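A.B. asks: The lines below spell out each chain.
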Amino acid sequence: MEAVMERQREKPHVSEPRIDARERAMGLAKYTADWQVKDMLYARIFTSTVPHGFVKGIDSSEAAKTPGFVDIVSCLDDSTVWQAGEREHERRVFADHVRFVGDCIGAVTATTRIAARKAASLVGVQYEELPASFTIESTLGNSQLKIWDNGNFLGPLKFEYGDSEEEFSKSQVVLERHYSTSRLHNVPLEPAISIAWWDGDNLTVVAATQSVHGCRNGIAKDLGLEPEKVRVIGYYKGGGFGNKINSMNYDLIAAICSRRTGKPVMVEYSREDEFINVHGRWSTDQDLRMAADRAGKINAVEVKAKCDIGAYTRHIKRGHFIEGPEHYYSTEAWNAEIYGVYTNTPATGHMRAPPGPQSAFSVESMVDELAHELGIDPVDMRLKNFIRNPPSGRFTSNGFEECIIKGAEEFGWKQRWKRPEKQRNKSGIATGVGVAIGSWHSGLGHGEAIVSVDSSGTLEVNTGVVDIGTGAKTTMALIASGEVGIPYADTRVIWGDTETSPYSVGESGSRTTGFTGTAVREASRQLKADLLLIGEKLHGISSSKLEIKEGNLIRSGNGSVLSSVRELMQASGNGRITKSVTTEPTLKEGEERFVFAAHFAEVAVDLETGEVKLTDYLAYHDSGEIVNRLTAESQVQGGIVMGIGMALTEKLLISKTDGSIENPSLLLYRIPNMTQIPKIKVFFTDTVDPYGPKSLGEIPIIPVTAAIGNAIFNATGVRLRNLPFSREELLGELKDRK
Amino acid sequence: MILEPFQYFSPLSLDEAFEILTEHHGEAKIIAGGQSLIPLMKMGVEMPCIVDIKKIHELKTIELSNDGSGKVSSVRVGALATYNEIERSVPVRRNIPLLAKTASGIGHPLVRNRGTIGGSLSHCDPAADLCATALALDAQICITGPGMKTRVLSARDFFKGPLETDLHNDEILTSVFFPVSNMKMGYDVQKLTLGHGDFPVFIVSVSLHYDGVKFTNAAIALGGVGETAVRASECESLMRGKESITGEDIREVSRLITDRYDPPVSAELSPDYTREMLSVYTGKALRNAVQMVTG
Amino acid sequence: MEAQTFELKFKLNGKEVNALVDTRETLLDVIRDTFGLTGAKKGCDEAACGACSVLFNGHAVCSCTMLAAEAHGGSIVTVEGLSVNGEPASLQKAFMESDALQCGFCTSGQIIAAASLLDNADRELDDNEIREGMSGNVCRCGAYNKILHAVSETSRKRKAK
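Protein chains in written order, with the numbering used here: chain P, 1 to 738; chain W, 739 to 1033; chain H, 1034 to 1194.
Hints were generated in silico from the structure; no laboratory data involved. Just so it is clear, the structure is predicted and the values come from calculations on it, not from any experiment. Please note that a few of the clues may not be correct.
Lysine-lysine pairs mimicking BS3-like chemistry, simulated, CA-CA at most 30 Å apart [stated by the list, open to error]:
1. W:Lys-798 / W:Lys-952
2. H:Lys-1192 / H:Lys-1042
3. H:Lys-1190 / P:Lys-681
4. W:Lys-952 / W:Lys-922
5. W:Lys-792 / P:Lys-679
6. W:Lys-980 / W:Lys-798
7. P:Lys-30 / H:Lys-1194
8. P:Lys-414 / P:Lys-263
9. H:Lys-1044 / P:Lys-679
10. H:Lys-1042 / W:Lys-767
11. P:Lys-38 / H:Lys-1192
12. P:Lys-38 / P:Lys-304
13. W:Lys-798 / H:Lys-1044
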């Protein structure tokens, strides 16, 4: 362990532009919609206009008259099940039992986009309507309701340790509060799209997916094919943030329509379709209780939550709709009871750290409330309680304390934080600062990689990553380049095609660097060892006294260049040396692997209008060794920007009369633009984890909403407990106070 | 995606435009910047005949126009001047700064590079930024019809209702005249939006003239509170002729405005809040405008 | 009504081009589908995201909210037209070096909007002017700090010349 730490710390920090920055900046990167496929047809879905019911008939006579019409397929003639579409129940690609306004019933294929859309708009559907529910309360209160035959909710998931009752009864301070978070949407800027064509029994899909292998396996399973018969290509993807994981229904629709028509088919969603037909984040209603002693030691936490998960939920682990904060603090007892409640509204599922920010919002707001109640500085409150090791076991590494202490230092917390009543109020603007912390899991698992070097000395990394914007390709290249000793500039990447690349877990769950990156590292080490042996043979110097740096074989110690890698390759007589590796790292008994962060925010509140402006932000993260500072910083900033949207502007408006989304448009669902984003400073600890770099993609969004809410409280003395924060609610509270 | 087919004409002169408008009487719709019209077409509103007037170059000019004595009396803004051109125009910035300020706050730059003053005023959305400011500045709307028959009417008479103006099917809004004052000016525009660059929920546009002794003119125009943008005349008269406008005066005017005008309905804000904000934003606009005059 | 066509001629990245288009087609559809220039993206089709930005007569506009026919006689520059002899322009290099892009889907639009902002500015822009000037182009990956940096650096360098 010690030795590892020394070796790692010697390494300089790497900060390189993306390996594909040129393609992306010059408009050359081909996303799915940019593919031009010969003889391609266009498919357009048609969807339910009622919130709940059975499809009784479909009239396609008008649609078929549209010039350019080719084919119609619906729930009446195709019963393919989309297994990844709902974990607990059977969800069909084309629903005969529709469960929300917008549930997909069928698709029309035509020769042009306009014809497909026009024809789809002319399809008539008859329904037998059923009772429907659009809220948690009405689902739980309606015994006639049957969204699903075996019950309309999931759970309760119970998670507990310690003696909660005992801790609550003996603690000196107990707070009880209610918090809520809204339904959100991932809003990847590239709307859903898929192109499919068949060559005999072989299917090719150009998918806008976060995982080519996950997509292939899902499609194969749903269509009853051998995975080898399915090729999925996904070179460039315009974001996903969790809503393009594995196979999506539009991939299946493209394949089904293509099989029926014998032509390549593109299914392209509009922005409105994307909002309605691709899942977003579930909402939560949370009742919290927290117990502490006068000195600020948190003894017990109780969370009771009900979450609106829509008509379908793609969440992976049963019932884990609230998760995370049990890994922020060391408490004597923790007690959670969580329900996922179905409603006749659009589907929910993964969105960047699926339960993370909802859970952090309530707990981190409440810890702040507790600190205020006890008269303790919010940073000190966290320092008194943050988790050093999990209840039973130990973390592989833990930089939490450094995040909190150094983050506070860099932010100037001690100078900037004053008790709420002491905040400045300059010409109607009140400013304040807030802190919040968070942690997230950092898994390890199956990875595959092929790393090779050719006779020109070019290093090639072949993995099944997609790179949806995370920088995965760059990260893989830098790991290989750093391990082998060949310059990054001489490194190229092969990716994004199940035909040519080995399996990768895909860009979800913050896993690529830990899973696939570990395999790349191992393959690179083996490759380097081979090169050193060639060097040993060529120069008659023991390989233990040789190194490769900047593409050259050098002698350890004096650093003299013996030959270039290219010369080594030529001497070896090999056209290419290839290392194909599979890794399966596992944690030791009792080990848990986590990443940690502390965030600091400053806000300015207009006391006349209640408007909140974020004026400064700082994030301090422990994600272990950072492979590439530049892209890692971008990922942290990106998560924070998304968190700012969640805190201040974003909310799916669900109709009270039919459960439909009232704002399926970027004009009405407001994601942040540049005017709302302050300078975001990002720092990383030098924590070393024995298993290599830790996860990064999801944790940045987790503490954001609470950090901002806590800053609003610090500025105004008003505690907002519902997301997104409402200027109206804030102003109302300010006036009540006067 | 626009589903319904339509004919597209792009006349090079007003004469040619009137021929097309007459031939397609009642069916033709004029497109200028298209920032309102194209979204409507995408929503499925049928427009069988589109007449694009952007090739008629005489409609693009922004120029000073003099009265008989050679003194600058107004700025003529061609109907096709984009928000961006208005914002950057030296004659506008120098003489009608409220217009420049209003134009600079509409939507976002990509919209401002496309949207035109003629398009905005003829679309006549009750909450549109330029409708309120045109009213506050006593703009005169110049309309031309077949045979080059031209008529001029005040913005107040031009706006008839939501998305409804005095413009006939065969007429074209050709330019807008903004009278120039040689008095000291105080002005501001404030609006409630649900997000940066959003269309206003309501807008308050204020223009004050000060002759060194008293406020000779005080104009407050409100958008989004009625069928069209309106002038809050009863409030204006409280300020006109005064030697100074105090904080108390501003509070009084703001109160009066909230009493008189119905706040618009918004899905995300309660009527109470919006009503209160009408008063707050009016107060902000007036304070800033008075500040400019009295320093 | 039958589909109507329009004989379109305009300058695309410096070259005179023409095509017979359906009047319903937007400029975005035509530059992507007819001319195969796919740098500009369709993110929302309602002028709310800026991914489809192109320069029209020197100013950035949403090509999704412009009929192709409206471009007749005008000059269009797409992101593909910014590069110099197949190499990225200095603004594009600034985006690459600053990491002002993540998934890259909005990037073409961001760069076009920045080009328009910088080309039409007569002095070095401050941060808030850049924020306002880029406010029609959203980036869901949240690269705003880096985009601001790339545009601000380019502005500074241009004025230093």
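A.B. asks: Could you run down the list of hints and mark each one as holding or not?
C.D. replies: Do the hints match the structure? See the list:
| no. | hint | result |
| --- | --- | --- |
| 1 | W:Lys-798 / W:Lys-952 | violated, 37 Å |
| 2 | H:Lys-1192 / H:Lys-1042 | violated, 36 Å |
| 3 | H:Lys-1190 / P:Lys-681 | holds, 24 Å |
| 4 | W:Lys-952 / W:Lys-922 | holds, 10 Å |
| 5 | W:Lys-792 / P:Lys-679 | violated, 41 Å |
| 6 | W:Lys-980 / W:Lys-798 | violated, 39 Å |
| 7 | P:Lys-30 / H:Lys-1194 | violated, 35 Å |
| 8 | P:Lys-414 / P:Lys-263 | violated, 66 Å |
| 9 | H:Lys-1044 / P:Lys-679 | violated, 39 Å |
| 10 | H:Lys-1042 / W:Lys-767 | holds, 23 Å |
| 11 | P:Lys-38 / H:Lys-1192 | violated, 48 Å |
| 12 | P:Lys-38 / P:Lys-304 | violated, 55 Å |
| 13 | W:Lys-798 / H:Lys-1044 | holds, 21 Å |
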